[in-house]
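Participant: Mapping to the UniProt record's numbering: the sequence shown position 189 is 189, numbers consecutive.
There's no promise every hint is true.
As the list claims (entries may be wrong) - Calculated pairs, DMTMM-like style, for lysine to aspartate or glutamate (alpha carbon to alpha carbon, straight line, at most 25 Å): (1) LYS150 with ASP242; (2) LYS176 with GLU229; (3) LYS166 with ASP122; (4) LYS177 with GLU229.
Said to hold, decoys possible - Derived Cβ-Cβ restraints for the label pairs, each shown as a range: (5) GLU246 with GLN186: 25 to 35 Å; (6) THR262 with LYS169: 21 to 31 Å; (7) GLU307 with ARG220: 34 to 44 Å; (8) THR244 with LYS181: 46 to 56 Å; (9) GLN186 with ASP242: 18 to 28 Å; (10) GLU309 with VAL279: 35 to 45 Å.
These are computed hints drawn from the structure, not numbers from a lab.
Being a predicted model, the structure only gives us computed values, none of them experimental.
Glycine included, every Cβ here is placed at the ideal spot set by N, Cα and C.
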Amino acid sequence: MLHSRIHLPVTLKLSIRTLASGNSNPSNPSDPSPVPLAFNHYGSSVDRSHHPLVIGHGLFGHKGNFNAIAKRLQQRLGNQIFAVDMRNHGESPHVPEMTYPHMAADYAHFIESVVKPATGFDQVHLLGHSMGAKTACLLALDSSKANLIKSLIIEDINPVARSQNKRIKFYIQHMKKVNLKQSRRQIGEDFAPIIANRAVRASLLTNLAHIGKNGNQEYRWKLNLDAIETYIDNVLSFTVSDGTFEGPSLFVYGENSEYLNTDDFKAIQRLFPNPRFHVIPKAGHWLHAEQPEAFVDSVVDFIKSVERE
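Produce the entire structure from the sequences given, and follow the hints as far as they go.
Facilitator: Next comes the structure, spelled out in structure tokens:
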């Protein structure tokens, strides 16, 4: 069973020391206000004896990216699963701020105000991909909020290293100037010189919403490109450097991913002293899309082992 909702916000305080890039960004308040995240809810009427799972996507993603994965996970785990739209993505609020502390506050607010009332559980398994994974790490390392997390699942991001993916800025620039008064196919063709990978291109185009009337072709982006562009240096270069999350953690990487660097495993283990590392063969950054069965197997095995402990 699948539901999609937005929940009303409450004020939430989140604080943690972090190491960010030297690039300045407008406002980075120590007391970020959360926004209500849009979400899809899977398995609302199932057995409530298992901890729920919350899933957060990466940059330019949305909750629908995990639709097939969430359904498979729910069938095998028998728990409730919530896939969210991060702020400035999908159906979640489009707001000026987009720092990691803001996004971590969104996660915490969502768990406390949506997941707890719906499931009766005080803790969740938290799975994040890329940007959603760094956000999950930040929340887990906040001693005042770590008790919300039963276990942590990090999909293909290195939380202690800065991303070198400079292509992202070119994507944003092209998204802002592309002609949206044409067919989806034509928009996709315009992106071909910028994004050669068809799968990546197709994923990006799922952020298009049709707004044309009377048969006219016109689209808009379901992304707040202005906010993303303003904070992109922070999003790409942000690292976590302080705190400890004692709970079980799974760090799963693609064999061909630029984020896989075994030299950083010791630094990760200093922050997350109870980690498991898993590498999925023949996969890059989008594990859940490139090797869905292997990804689901790794997540299911991990969560079941945590539930048995």
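Participant: Each hint: holds or not?
Facilitator: Hint by hint, here is what the structure shows:
For the given pair, LYS150 sits about 20 Å from ASP242 by alpha-carbon distance, which is consistent with the 25 Å threshold. This hinted pair checks out: LYS176 and GLU229 have alpha carbons roughly 10 Å apart, not beyond 25 Å. A C-alpha spacing of about 39 Å is found between LYS166 and ASP122, which places the hinted pair above 25 Å, so the restraint is violated. Under the criterion of a C-alpha separation no larger than 25 Å, the hint pairing LYS177 with GLU229 is consistent with the structure, at around 13 Å.
Between GLU246 and GLN186 the beta carbons are some 52 Å apart, a value that contradicts the proposed interval 25 to 35 Å. Against the hinted window of 21 to 31 Å, the Cβ-Cβ separation of THR262 and LYS169 comes to about 28 Å, which satisfies the hint. Range check, GLU307 to ARG220: about 42 Å between beta-carbon atoms, so the 34 to 44 Å window is met. Checked against the hint of 46 to 56 Å, the C-beta distance between THR244 and LYS181 comes to roughly 52 Å, which is consistent with it.
For the hinted restraint 18 to 28 Å between GLN186 and ASP242, the CB-CB distance of approximately 48 Å leaves it violated. Checked against the hint of 35 to 45 Å, the pair GLU309 and VAL279 fails, with Cβ atoms roughly 23 Å apart.
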